[in-house]
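Number of protein chains: 2
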Amino acid sequence: MAETRIVTACLIIIGNEILSGRTVDANLPYIATRLNEKGVRLAEARIVPDIEAEIVDAVTVCRARHDYVLTTGGIGPTHDDITAASVAKAFGLAHTYHPEAKRLLESFYGERVTEARMRMAMMPEGAALVANPVSVAPGFRVENVYVLAGVPKIMQAMLDDILPELVGGAPVLARTVTVYAPESEMAAVLGRIEADHPGIEVGSYPFFRMEKPGTAVVVRGTEQAVIDAAVAQLRQHAAQHGIEAIDGQV
Amino acid sequence: MAETRIVTACLIIIGNEILSGRTVDANLPYIATRLNEKGVRLAEARIVPDIEAEIVDAVTVCRARHDYVLTTGGIGPTHDDITAASVAKAFGLAHTYHPEAKRLLESFYGERVTEARMRMAMMPEGAALVANPVSVAPGFRVENVYVLAGVPKIMQAMLDDILPELVGGAPVLARTVTVYAPESEMAAVLGRIEADHPGIEVGSYPFFRMEKPGTAVVVRGTEQAVIDAAVAQLRQHAAQHGIEAIDGQV
Numbered sequence: 000m001a002e003t004r005i006v007t008a009c010l011i012i013i014g015n016e017i018l019s020g021r022t023v024d025a026n027l028p029y030i031a032t033r034l035n036e037k038g039v040r041l042a043e044a045r046i047v048p049d050i051e052a053e054i055v056d057a058v059t060v061c062r063a064r065h066d067y068v069l070t071t072g073g074i075g076p077t078h079d080d081i082t083a084a085s086v087a088k089a090f091g092l093a094h095t096y097h098p099e100a101k102r103l104l105e106s107f108y109g110e111r112v113t114e115a116r117m118r119m120a121m122m123p124e125g126a127a128l129v130a131n132p133v134s135v136a137p138g139f140r141v142e143n144v145y146v147l148a149g150v151p152k153i154m155q156a157m158l159d160d161i162l163p164e165l166v167g168g169a170p171v172l173a174r175t176v177t178v179y180a181p182e183s184e185m186a187a188v189l190g191r192i193e194a195d196h197p198g199i200e201v202g203s204y205p206f207f208r209m210e211k212p213g214t215a216v217v218v219r220g221t222e223q224a225v226i227d228a229a230v231a232q233l234r235q236h237a238a239q240h241g242i243e244a245i246d247g248q249v
Numbered sequence: 000m001a002e003t004r005i006v007t008a009c010l011i012i013i014g015n016e017i018l019s020g021r022t023v024d025a026n027l028p029y030i031a032t033r034l035n036e037k038g039v040r041l042a043e044a045r046i047v048p049d050i051e052a053e054i055v056d057a058v059t060v061c062r063a064r065h066d067y068v069l070t071t072g073g074i075g076p077t078h079d080d081i082t083a084a085s086v087a088k089a090f091g092l093a094h095t096y097h098p099e100a101k102r103l104l105e106s107f108y109g110e111r112v113t114e115a116r117m118r119m120a121m122m123p124e125g126a127a128l129v130a131n132p133v134s135v136a137p138g139f140r141v142e143n144v145y146v147l148a149g150v151p152k153i154m155q156a157m158l159d160d161i162l163p164e165l166v167g168g169a170p171v172l173a174r175t176v177t178v179y180a181p182e183s184e185m186a187a188v189l190g191r192i193e194a195d196h197p198g199i200e201v202g203s204y205p206f207f208r209m210e211k212p213g214t215a216v217v218v219r220g221t222e223q224a225v226i227d228a229a230v231a232q233l234r235q236h237a238a239q240h241g242i243e244a245i246d247g248q249v
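Those sequence lines, one after another, are chains A and B. Counting in numbering that gives the first Met the number 0, the first sequence runs from 0 upward without gaps. Counting in numbering that gives the first Met the number 0, the second sequence runs from 0 upward without gaps.
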């Protein structure tokens, strides 16, 4: 196992619509995957309601625990969009118009400027802007906290803007082997394989397909050779016990 | 606004596979909806990795903050299924064989009993069982913490078992109106409507359809008459401003 430090991130998903079950979050899997390409591991996520004290608490706890915090949601123009004000509070900063964001929005909306629209230019004082090529109103960063939109298309564009500046460790690599045996019959050997190869993590995901129980085994780690050795051990076990094993997710 | 106490729940989703982006959680929207039918509001969710200290911390914090805590995931037979041991630790209880769970699993597996399978009978001492009509291995409850499977079909069956014993407040009712105006043009009136009708919550979800910007406005509350009055105010505003408004989610 390489002695590289693991760089972690926490995602804070802000919005009553997620907690009510009305809207299904689609951002977490996307963010987790893109962060991992940079060697940043999503190590925690929280879903919090549109309540200032809850957002302040989550930001305060998570920014101390992780290298990076990303938030999604709550930066639109309406009364329940309170993310910017809450992040300002978490950092003890004024919540005020960002000169550049104000200029961008005024120039975009022209005569259609309204007070509600200009709320989207209010940020913690001194925040750095995150570009929004989709709908102009920017996200922002304060220290290690990145505040992004909740609408997936806009969030993804903002993520493109910030990914180059994140400093990660080694990306997590993964190999999947599908074995046609119940998870509970694989349990002992999987535990052994993980113990035999420090630095890897063996996940198992049971399934039933055409009445046949199987297990997708995912071996994760930062070193390809160690992953390959663990997979070889798994395939050897399968061969010895007459268990069908197929590379990849079937 | 009725002075009914709001009964809240927190969902703790346990599993590296969710945080890695490999598996998309489908349980939260289902649980939120079913809890709400009982008048229990999902007020927070956390996604934590398969790390004992993280699970212990989340359970300890959340069970003090909410009426109910539900966990999903990590109760299978493999080495990374550490939810039961972690919950035992959070409560300072021994992690030991539950006599009834042991009997159920022995009777189900018969000669196919293995140590890995029997791990699924290990629980915090004194836990109450949650029935699993799908695959036998039970979930359990300690005080206000319900430990459920992560596989959706099994989780749903377990939820059916526990819902009758949850004591909730008034269920949240909702009406949706789709207006063909950008969210930022609706912001002011939506804030006003929420302020004019204490006890309701007005959510707005912008969309673009066939180049037309629109906003789904969701009015939530526990009293139908108050919700209806808020919707009437919204429709009146729309009529006065020539904004197309359609009942329901378009």
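By construction, these hints were calculated from the structure, which means they are not laboratory data. Heads up, some of the hints might be wrong.
Identical copies go unnamed one by one, so any copy, or any two together, can satisfy a pair.
Stated by the list, open to error - With a Cα cut of at most 25 Å, we get these calculated DMTMM-like pairs of lysine to aspartate or glutamate:
1. Lys37 with Asp66
2. Lys88 with Glu200
3. Lys88 with Glu193
4. Lys37 with Asp160
5. Lys88 with Glu114
6. Lys88 with Glu210
7. Lys37 with Glu53
8. Lys101 with Asp56
9. Lys152 with Glu184
10. Lys211 with Asp195
11. Lys211 with Asp160
12. Lys37 with Glu164
13. Lys88 with Glu243
14. Lys101 with Glu184
15. Lys211 with Glu114
16. Lys37 with Glu99
A quick look at each hint next to the structure:
Taking the shortest alpha-carbon separations for Lys37 and Asp66, only the intra-copy value of 13 Å comes in at or below 25 Å, while the best inter-copy value is 39 Å. Taking the closest pair of Cα atoms, Lys88 and Glu200 come within 25 Å of each other only across two copies (23 Å); inside a single copy the shortest separation is 38 Å, beyond that limit. In this homomeric assembly, Lys88 and Glu193 come within 25 Å of each other (Cα to Cα) only across copies, at 23 Å, whereas the closest approach inside a single copy is 44 Å. With identical chains, the CA atoms of Lys37 and Asp160 are at most 25 Å apart within one copy only, with a shortest distance of 13 Å there and 43 Å across copies.
Proximity of Lys88 and Glu114 under a CA criterion of 25 Å is satisfied intra-copy only: 21 Å inside one chain copy versus 52 Å between copies. Taking identical chains as interchangeable, the C-alpha atoms of Lys88 and Glu210 are never at most 25 Å apart, the minima being 55 Å within one chain and 37 Å between chains. In this assembly of identical chains, Lys37 and Glu53 lie within 25 Å of each other by CA distance solely across copies; the values are 24 Å between and 29 Å within a copy. For the homomeric pair Lys101 and Asp56, neither the shortest alpha-carbon distance inside one copy (28 Å) nor that between copies (41 Å) is at most 25 Å.
Taking CA atoms no more than 25 Å apart as the test, Lys152 paired with Glu184 passes between copies only; the shortest distance there is 21 Å, against 43 Å inside one copy. Taking the shortest Cα distances, Lys211 and Asp195 never come within 25 Å of each other, neither inside one copy (29 Å) nor across copies (58 Å). In the homo-oligomer, the alpha carbons of Lys211 and Asp160 never lie at most 25 Å apart, since the shortest distance is 45 Å inside one protomer and 27 Å across protomers. In this assembly of identical chains, Lys37 and Glu164 lie within 25 Å of each other by CA distance solely inside one copy; the values are 10 Å within and 46 Å between copies.
In the homo-oligomer, the alpha carbons of Lys88 and Glu243 never lie at most 25 Å apart, since the shortest distance is 57 Å inside one protomer and 38 Å across protomers. With identical chains, the CA atoms of Lys101 and Glu184 are at most 25 Å apart between copies only, with a shortest distance of 18 Å across copies and 61 Å within one. Within a single copy, Lys211 and Glu114 get their C-alpha atoms only as close as 60 Å, which misses the 25 Å cut-off; across copies the closest is 22 Å, which meets it. For a Cα distance limit of 25 Å, the shortest separation of Lys37 from Glu99 qualifies neither inside one copy, at 29 Å, nor across copies, at 48 Å.
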